[in-house]
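2 protein chains.
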Amino acid sequence: MSTNKQIILKKNPVGIPEITDFDTIETDIPEITNNQILTKTVHLSLDPYIRGVITGRHIYSEKVNVGDTIVGRTVSEVVKSNHTNFSEGDIVVCSNGWQEFGVSDGEGVRKLDPSLAPLSTALGILGMPGLTAYAGLTVYGEPKDGDHVVVSAASGPVGCMVGQIAQIYGAKAIGIAGSEEKCSVVKNKFGFIDCINYKTEKIEERLKDLCPDGVDIYFDNVGGETLDTMTRNLAMHARIVLCGFMTQYNLDSPPPGPNLGPIVGSRATIRGVVVYDHYDKQDDFISIASDWLKAGKIDYIEDEVFGLENAPAQFCKLMRGENFGKTIVTIQ
Amino acid sequence: MSTNKQIILKKNPVGIPEITDFDTIETDIPEITNNQILTKTVHLSLDPYIRGVITGRHIYSEKVNVGDTIVGRTVSEVVKSNHTNFSEGDIVVCSNGWQEFGVSDGEGVRKLDPSLAPLSTALGILGMPGLTAYAGLTVYGEPKDGDHVVVSAASGPVGCMVGQIAQIYGAKAIGIAGSEEKCSVVKNKFGFIDCINYKTEKIEERLKDLCPDGVDIYFDNVGGETLDTMTRNLAMHARIVLCGFMTQYNLDSPPPGPNLGPIVGSRATIRGVVVYDHYDKQDDFISIASDWLKAGKIDYIEDEVFGLENAPAQFCKLMRGENFGKTIVTIQ
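Here the protein sequences come in this chain order: A and B. Quick note: the first sequence uses the numbering used here, first residue 1, plus one each step. Quick note: the second sequence uses the numbering used here, first residue 1, plus one each step.
Calculated directly from the structure, the hints in this document are not laboratory data. Source: prediction; values computed, not measured. Keep in mind that the hints are not guaranteed to be accurate.
As the list claims (entries may be wrong) - Some chain A residues judged to face chain B by a derived CB distance under 10 Å, without partners named: (1) Leu260; (2) Ile263; (3) Arg267.
Glycine included, every Cβ here is placed at the ideal spot set by N, Cα and C.
Make a model of the complete structure from these sequences and hints.
In structure tokens:
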């Protein structure tokens, strides 16, 4: 292979992205200089935050402009190295974006131990989504034995970890998801005590049955009406962890709000969680969570497609909420 | 005087209350039995939460039904006592409501030390509004030297204390209020560095000047658009203390919401504060705050009228937001 396949932004999406917003191009495989490595993508992670980066609304990443390669985290193999810390054959996690080959000076590149867990988990439950769930739930949510923990987008890589970690802490996990199939997996694979299908069930009614004394922790990945419903169904001194706003990522402007009146009644604490603040916990997290994985205490689901050229269609599916589990594009 | 003047609910208000929703009646002064006291109202406190009690939406108090005496905190004088803890002439804080005489078994009745501060302050800055400000700001807001603390309804009894306590902690206080006169008093009497007139100024633009690095603590007494604006103008790790929802008390149903997206970016913590949780701090607070008052470190404003029969008109004014300072009805 002598070329580098790349997927670039062809035009700025309006609302939910379509595959015609993207283009595939081929360029030469880049040369590396001193202190650089050339890596080849094994797995590419597709995540909702990428929609925000494309719009220019992301907290840290600069906007992806028309003509730019789409950004994204990858598991990659080092195929050439002029860098003292990396050797050919090393497997790393880096941010190569939607392309087959990438060049890096090693900054922000982390070596993976392939014996620890399947490589792709470094983009899911053992990667940023897992760390988000771990830090958000344990630091901000403070789960205690017997707590009722509700999480939206429960079959996703963040949601399934929130519910599983909650159970490890002795709490009762309740999921919210958008299909019977997702709800079934949340209950049967991830061990949640129940999962509410928000498309066919009334969340509020189900909550009154499942946690009549209110929700102790709500870990929110969606925002919107679901969050609004939760504010009215909290236990005293409940904690809401705000993590994602799936209901907003495709909007041009945010919806009106907020009505936080019921938060006063429940004396709830609301915290915004951003995973970048918690890198100091990354090594601990990976060590703990890979032990959990080996011990069968946690599980995961991947929504995998093969071939970089399928990244746009898979991303559009994710942004329509039709994904199921952690979205991965496998290249090699 | 042989009769007890009382103000009762004549009909349930729709939206902002009107004086025709109330009626004045006269009944016999009640007799007391063993372990009871008869008290005569000196000052009656009018507060926005009473609107919620009338609607039946208050967290603790039972709905005021048509025909019932309106509820409210009072400073009262013990005029007869069959109770070992109270003597004739004692000045107490109790919940006699909108009437001249009340009977109590002493539960929830607190003796006042008249030498400490003017009696009416026991309903304002040294009473529940003051304790709300003190507990909410110091426990949940955690003010630090140099913090920018913004408070809405800044000339009210809660708001003026929040800003003054913030200054005692070395923070910079910025008010939001609804008239030039209120803003002037907030700055000149209460020492805030500035006060934004939300009726004539753009809060967001003024904040960008006054705290270019964002607001560290927002103490919210109003909800609605002001709260929404604040969520977009927070410093990293800001704290929002949710205390009151003046924009909602007159509504039949709460407005749509919430959009808490910006809270994630600022990693803000939001807490609901309810003063009833903080009674354990009451003695400390009164001791500290009356020292502050004597030392000239804090000040206050009262919007006083004389005569129980003026309570309805004064309450309607309060609920239209036309009050200025702590609303007090003085009877004696």
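Checked hints:
no.	hint	verdict
1	Leu260	holds, 5 Å
2	Ile263	holds, 4 Å
3	Arg267	holds, 5 Å
Going down the numbered hints, you'll see the structure goes against none, and every one checks out.
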